[in-house]
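Q: Please take these sequences and the hints and turn them into a complete structure.
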Amino acid sequence: DAEITQSPRHKITETGRQVTLACHQTWNHNNMFWYRQDLGHGLRLIHYSYGVQDTNKGEVSDGYSVSRSNTEDLPLTLESAASSQTSVYFCASSYQGTDTQYFGPGTRLTVL
Amino acid sequence: GENVEQHPSTLSVQEGDSAVIKCTYSDSASNYFPWYKQELGKGPQLIIDIRSNVGEKKDQRIAVTLNKTAKHFSLHITETQPEDSAVYFCAATLNNAGNMLTFGGGTRLMVKP
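Chains V and F, in that order, give the protein sequences. Reading the first sequence from the start, the letters are residues 2 to 113 in the working numbering. Reading the second sequence from the start, the letters are residues 59 to 171 in the working numbering.
The set of hints was computed from the structure by calculation and includes no laboratory data. The reader is advised that the hints may include incorrect statements.
Stated by the list, open to error - Chain V regions said to be covered by chain F (calculated; three or more residues, Cβ under 8 Å):
id : region
1  : 24 to 32
2  : 38 to 51
Stated by the list, open to error - Straight-line C-alpha distance at most 30 Å; calculated DSSO-like pairs for lysine-lysine:
id : chain 1 : residue 1 : chain 2 : residue 2
3  : F       : Lys-116   : V       : Lys-12
4  : F       : Lys-80    : F       : Lys-100
5  : V       : Lys-58    : F       : Lys-80
6  : F       : Lys-100   : V       : Lys-12
7  : F       : Lys-126   : F       : Lys-80
8  : F       : Lys-170   : F       : Lys-116
9  : V       : Lys-58    : F       : Lys-115
10 : F       : Lys-129   : F       : Lys-115
11 : F       : Lys-126   : F       : Lys-170
12 : F       : Lys-80    : F       : Lys-95
13 : F       : Lys-116   : V       : Lys-58
14 : V       : Lys-58    : F       : Lys-170
15 : F       : Lys-129   : F       : Lys-116
16 : F       : Lys-115   : F       : Lys-100
17 : F       : Lys-126   : F       : Lys-95
18 : F       : Lys-115   : F       : Lys-170
19 : F       : Lys-116   : F       : Lys-95
20 : F       : Lys-116   : F       : Lys-126
All C-beta atoms in this analysis are idealised placements derived from N, C-alpha and C, irrespective of residue type, glycine included.
A: Structure (structure tokens):
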């Protein structure tokens, strides 16, 4: 079955370290998204991509970057992790031209 | 940009009762409104959605209503069951905005047996 996976599911890191969260989907979706989820804020968009080599900033993109070298993967990198980036991160994907987004299981990141 | 507010933040109901969650949005051009259910330890899953050319949509025990004039939409769950306990999120987007969703803050629904 097609699916969307995230790894790792849990990560603890230290302030200042570079961290990369992986997202992989097997639906061949053009669109991919990264959100962070914090209590009281719902889900906020970090970065998104409409296809290979395309990346765009979302509402809360400072301190994060993404790259899209193939259709299946959109890794999220925290260049220098900060305690304010402690959160649960969700990846999502959708077909081009459609609205329904399919979410991964999430990665809980703790920055000490 | 779009702003979506969701109320209440927590809701506790007795099994069998109805639950209603309300959302308001700011951009009158928004025309797609999905609702997601998030169970503990999992990612959000779409449960129902509505477009601006429709006032109400039902799917078994779940219904969504939309009032474009007032810019608000609501999720109605009838005959609640313990398995309905979860966090529910509303969202809004422009159909031509490349699928970028703006989410509400979420509602934690607890159904007491």
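Q: Against each hint, give a clear statement of whether it holds in the structure.
A: Comparing the hints with the structure gives:
Judged by the Cβ-Cβ criterion of 8 Å, the region 24 to 32 of chain V is not covered by chain F as claimed, because only 1 of its residues qualify and three are needed. Check on the region 38 to 51 of chain V: 8 of its residues sit with their Cβ under 8 Å from a Cβ of chain F, so the three-residue criterion for coverage holds. This hinted pair does not check out: Lys-116(F) and Lys-12(V) have alpha carbons roughly 40 Å apart, beyond 30 Å. Taking the CA atoms of Lys-80(F) and Lys-100(F), the gap is about 23 Å. The hint holds against a cut of 30 Å.
Of the supplied pair hints, the one linking Lys-58(V) and Lys-80(F) holds, its CA atoms being roughly 29 Å apart against a limit of 30 Å. Proposed proximity of Lys-100(F) and Lys-12(V) is supported: the alpha carbons are some 16 Å apart, at most 30 Å. Annotation: proposed proximity of Lys-126(F) to Lys-80(F) holds, straight-line Cα distance about 14 Å (limit 30 Å). Our distance criterion of 30 Å between C-alpha atoms is met by Lys-170(F) and Lys-116(F), whose separation comes to about 24 Å.
Pair hint Lys-58(V) plus Lys-115(F) does not hold up; C-alpha atoms about 33 Å apart against a cutoff of 30 Å. As the CA atoms of Lys-129(F) and Lys-115(F) are separated by approximately 17 Å, the hinted pair is consistent with the 30 Å bound. Simply put, Lys-126(F) and Lys-170(F) have alpha-carbon atoms about 33 Å apart, too far for the 30 Å limit, and the pair is violated. Taking the CA atoms of Lys-80(F) and Lys-95(F), the gap is near 14 Å; set against the 30 Å cutoff, the hint holds.
For a cut-off of 30 Å, the pair hint linking Lys-116(F) to Lys-58(V) is broken: about 35 Å separates their Cα positions. A distance of roughly 41 Å separates the Cα atoms of Lys-58(V) and Lys-170(F); the hinted pair therefore is violated under the 30 Å criterion. Between Lys-129(F) and Lys-116(F), the direct Cα distance comes to roughly 19 Å. Compliance with the 30 Å bound is thereby established for this hinted pair. The straight-line distance between the Cα atoms of Lys-115(F) and Lys-100(F) is roughly 26 Å, inside the 30 Å bound, and the hint therefore holds.
In summary, the hint linking Lys-126(F) to Lys-95(F) is supported, as the alpha carbons are separated by about 23 Å, within the 30 Å threshold. Among the hinted pairs, Lys-115(F) with Lys-170(F) is consistent with the structure: their alpha-carbon atoms are about 26 Å apart, no more than 30 Å. Under the criterion of a C-alpha separation no larger than 30 Å, the hint pairing Lys-116(F) with Lys-95(F) is consistent with the structure, at around 16 Å. About 18 Å separates the Cα atoms of Lys-116(F) and Lys-126(F), which keeps this hinted pair within 30 Å; it holds.
The structure fails hints 1, 3, 9, 11, 13 and 14 (numbered hints given earlier, in ascending order).
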